[in-house]
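Participant: Sequence:
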Amino acid sequence: MNVKKIILIFCFFAAAGWFNLSAQDAKQIDSLQNIVNNGTVEQQLEALARLEDEYEASDPQKAKEVAIRLLKLADKHDNKKWKASAYNQLGSICFMKGEMKNAENYFNHSLQVATEAKIQRAIQIARVNLSSVQRTTYRFDKAMENLQLVLTYFEEQQDQEKITLALSNIAATYAEMGNYERHNEYALKAVTICEKTGDKKSMGILLANLCTITSRQKKWEQSLQYGEKAVNLFREINNQYMVGLSTAKLVDAMLKSGKMDSIIPYTDEIIRISDKLDILPLKGEALNLQANYYLETKNYNEAKELAFKSAALIDTTEKTNLSMLYETLTETCIQTNDRENALKFFRGYKDNYEKITSEEWRGKVAEMEFKYQTEKKEMKITSLQKLQKFGISLTILGGISALAFIGLLVYRHRNQKYINELAEQKILKLEQEKQLLATQAVLDGETAERTRLARDLHDGLGGMLSAVKLNLFDMKQGAIIDTEDISRFDKVMELLDSSMQELRRVAHNMMPESLSRYGLKVSLEDFCNSFPHVKFHFYGNENRLEPKMEMTIYRVIHELVNNAVKHARAENINVQMIRDTDRISFIVQDDGIGFNPEKISSGSGLQNIENRINSVGGTINILSSAGAGTEITIDIDLNQPQNEQN
Numbered sequence: 001m002n003v004k005k006i007i008l009i010f011c012f013f014a015a016a017g018w019f020n021l022s023a024q025d026a027k028q029i030d031s032l033q034n035i036v037n038n039g040t041v042e043q044q045l046e047a048l049a050r051l052e053d054e055y056e057a058s059d060p061q062k063a064k065e066v067a068i069r070l071l072k073l074a075d076k077h078d079n080k081k082w083k084a085s086a087y088n089q090l091g092s093i094c095f096m097k098g099e100m101k102n103a104e105n106y107f108n109h110s111l112q113v114a115t116e117a118k119i120q121r122a123i124q125i126a127r128v129n130l131s132s133v134q135r136t137t138y139r140f141d142k143a144m145e146n147l148q149l150v151l152t153y154f155e156e157q158q159d160q161e162k163i164t165l166a167l168s169n170i171a172a173t174y175a176e177m178g179n180y181e182r183h184n185e186y187a188l189k190a191v192t193i194c195e196k197t198g199d200k201k202s203m204g205i206l207l208a209n210l211c212t213i214t215s216r217q218k219k220w221e222q223s224l225q226y227g228e229k230a231v232n233l234f235r236e237i238n239n240q241y242m243v244g245l246s247t248a249k250l251v252d253a254m255l256k257s258g259k260m261d262s263i264i265p266y267t268d269e270i271i272r273i274s275d276k277l278d279i280l281p282l283k284g285e286a287l288n289l290q291a292n293y294y295l296e297t298k299n300y301n302e303a304k305e306l307a308f309k310s311a312a313l314i315d316t317t318e319k320t321n322l323s324m325l326y327e328t329l330t331e332t333c334i335q336t337n338d339r340e341n342a343l344k345f346f347r348g349y350k351d352n353y354e355k356i357t358s359e360e361w362r363g364k365v366a367e368m369e370f371k372y373q374t375e376k377k378e379m380k381i382t383s384l385q386k387l388q389k390f391g392i393s394l395t396i397l398g399g400i401s402a403l404a405f406i407g408l409l410v411y412r413h414r415n416q417k418y419i420n421e422l423a424e425q426k427i428l429k430l431e432q433e434k435q436l437l438a439t440q441a442v443l444d445g446e447t448a449e450r451t452r453l454a455r456d457l458h459d460g461l462g463g464m465l466s467a468v469k470l471n472l473f474d475m476k477q478g479a480i481i482d483t484e485d486i487s488r489f490d491k492v493m494e495l496l497d498s499s500m501q502e503l504r505r506v507a508h509n510m511m512p513e514s515l516s517r518y519g520l521k522v523s524l525e526d527f528c529n530s531f532p533h534v535k536f537h538f539y540g541n542e543n544r545l546e547p548k549m550e551m552t553i554y555r556v557i558h559e560l561v562n563n564a565v566k567h568a569r570a571e572n573i574n575v576q577m578i579r580d581t582d583r584i585s586f587i588v589q590d591d592g593i594g595f596n597p598e599k600i601s602s603g604s605g606l607q608n609i610e611n612r613i614n615s616v617g618g619t620i621n622i623l624s625s626a627g628a629g630t631e632i633t634i635d636i637d638l639n640q641p642q643n644e645q646n
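Numbering (the working numbering), first residue to last: 1 to 646.
Check the hints yourself; a few may be wrong.
SDA-like mimics (lysine to any residue), calculated; alpha carbons at most 25 Å apart, straight line [what the hints assert, rightly or not]: (1) K118 <-> Y153; (2) K72 <-> Y55; (3) K309 <-> E236; (4) K566 <-> P532; (5) K535 <-> E525; (6) K256 <-> I237; (7) K535 <-> Y554; (8) K350 <-> K276; (9) K350 <-> N179; (10) K276 <-> E236; (11) K81 <-> Q28; (12) K548 <-> E525.
Pair by pair, the computed Cβ-Cβ distance ranges are [stated by the list, open to error]: (13) P547 <-> I622: 38 to 48 Å; (14) N562 <-> N596: 17 to 27 Å; (15) E195 <-> E116: 36 to 46 Å.
No lab work stands behind these hints: they were computed from the structure. Don't be surprised by glycine CBs; every beta carbon is placed ideally from N, CA and C.
Using the sequences plus the hints, can you model the full thing?
Facilitator: In structure tokens, the structure reads:
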């Protein structure tokens, strides 16, 4: 069972963008209604927008009626500002209900009105809301394009609250793409700002998304803590819609971590909220979670009934929801011997999986990210050039004054020499950093490609082989086979099992699951134990490192051992790892034929190993000679700045 969950959307509704209101009681709503009935036109428009904002999280139908009234009044008096706001509010309500096409149409109308009237803040609000729909429907390139424009605008305005909005949405987009490092980078920036501004709603959404990300990383304790904090925050601000969404994310983490005791009460609460707010997709999601609970507890008939109920409600325009639904339906049909529907839903899962694993949007998003970062660097360079011109003017003025003091000429000469030396050192340092960045980019690309291929092999080809085995097994049970064909049929089944085992072995070598789940010690023990003459020894504490650091060390040792096995003709290979609080070292020794390190060829792979070690700020020392074996020692200081940057 593998329930996928979509990241919570930071949908920035128009009214909330112009007013910083806390939850209002009935008296406040009555006051707003009085303004609507008796105020001036401008007062009525503002009161309607605020009134819609009050109803949105508790009574979406009432909120829709108020938004339509706002649109009609704004249109009657040709007020572009409030007309754009009304379209945004209507789009937000449709978004909550899972009506993505209607939501996108309303947001586009809002953007058009705001653009014609040149209302910049309304333009940015419409772009954020559009990006939410685009992200939900897997148009990541369009979503990122809108969000980069929003971030640039609000950075220029130094508007911290709106910068949080843009950063949070960018983080959510990267999370949906599977780029968790980029998600964490942008999310942590947003968290820092939320802590300063006291924005509880944005903080709640960030925590809920962190619940999902840490769950995907199998950090169960952290995931559950984030989920519970998010739910409590939304209860505190009395936002029922977000209570339902964040509770669904918490339940998903509980299912994956095996915490089954409170799942049904939680999902029942989600259903009550969705019924009250009339949000069918949220109810469908809760039913799907209950179906997965009953799958885990082996109540297959109940699971199947709930899965089919969920299928009638869940928003299938969200491709992640569709994959989640197909996966649950396939599993329930297999467990209840419904072969025909199992194959039908499996084909649907496979077709949808192929659509959402397309690489085209990844390149587009990376290109926009590069463009945005380049523009920021160009702005910094322009500022530096202005400072340099100012510095040159001061130098000329100082030179004129220095003509009267011969002694200052000597000082200036020596000072200039010192500056030149510093400049040369800076240039050398920049070149080294450039090389490290290039190396890191290559290694990141290699790791991402290994991960993608391993996932595609396991989920795509592995799933198809499982379906083939299911069909063959059903054929054997339901058909009459001649005696002489039975042995050949069994041989085919044995070959199929061997193919599936080989597929799992290849996928594991490309991206070992034990590394992400248990850490370096266990994964390296498993790897070394796969060779008869390789011994592994570990000393020190077993604290986990950053995932990228663990992957780099694993790949280096993997390559060193493979080199020794293939080329050294060694009878014994010894791998030692020493882990201190602030340092990690490892030694790979063999009693093979050895080599001359001074004459090593570029094809040996050692250059690749050195690049990996340099990328994490480590050092490598090679001791070897012909006939005397080889000893390679690598030392990495965990406190060096390089490790934090990479």
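Participant: With reference to the structure, classify each hint as holding or not holding.
Facilitator: Tested hints:
no. : hint                      : in the structure
1   : K118 <-> Y153             : holds (14 Å)
2   : K72 <-> Y55               : holds (18 Å)
3   : K309 <-> E236             : violated (32 Å)
4   : K566 <-> P532             : holds (14 Å)
5   : K535 <-> E525             : holds (8 Å)
6   : K256 <-> I237             : violated (28 Å)
7   : K535 <-> Y554             : holds (15 Å)
8   : K350 <-> K276             : violated (35 Å)
9   : K350 <-> N179             : holds (22 Å)
10  : K276 <-> E236             : holds (19 Å)
11  : K81 <-> Q28               : holds (24 Å)
12  : K548 <-> E525             : holds (19 Å)
13  : P547 <-> I622: 38 to 48 Å : violated (28 Å)
14  : N562 <-> N596: 17 to 27 Å : holds (21 Å)
15  : E195 <-> E116: 36 to 46 Å : holds (38 Å)
In terms of the numbered hints stated before, the structure departs from hints 3, 6, 8 and 13, listed from lowest to highest.
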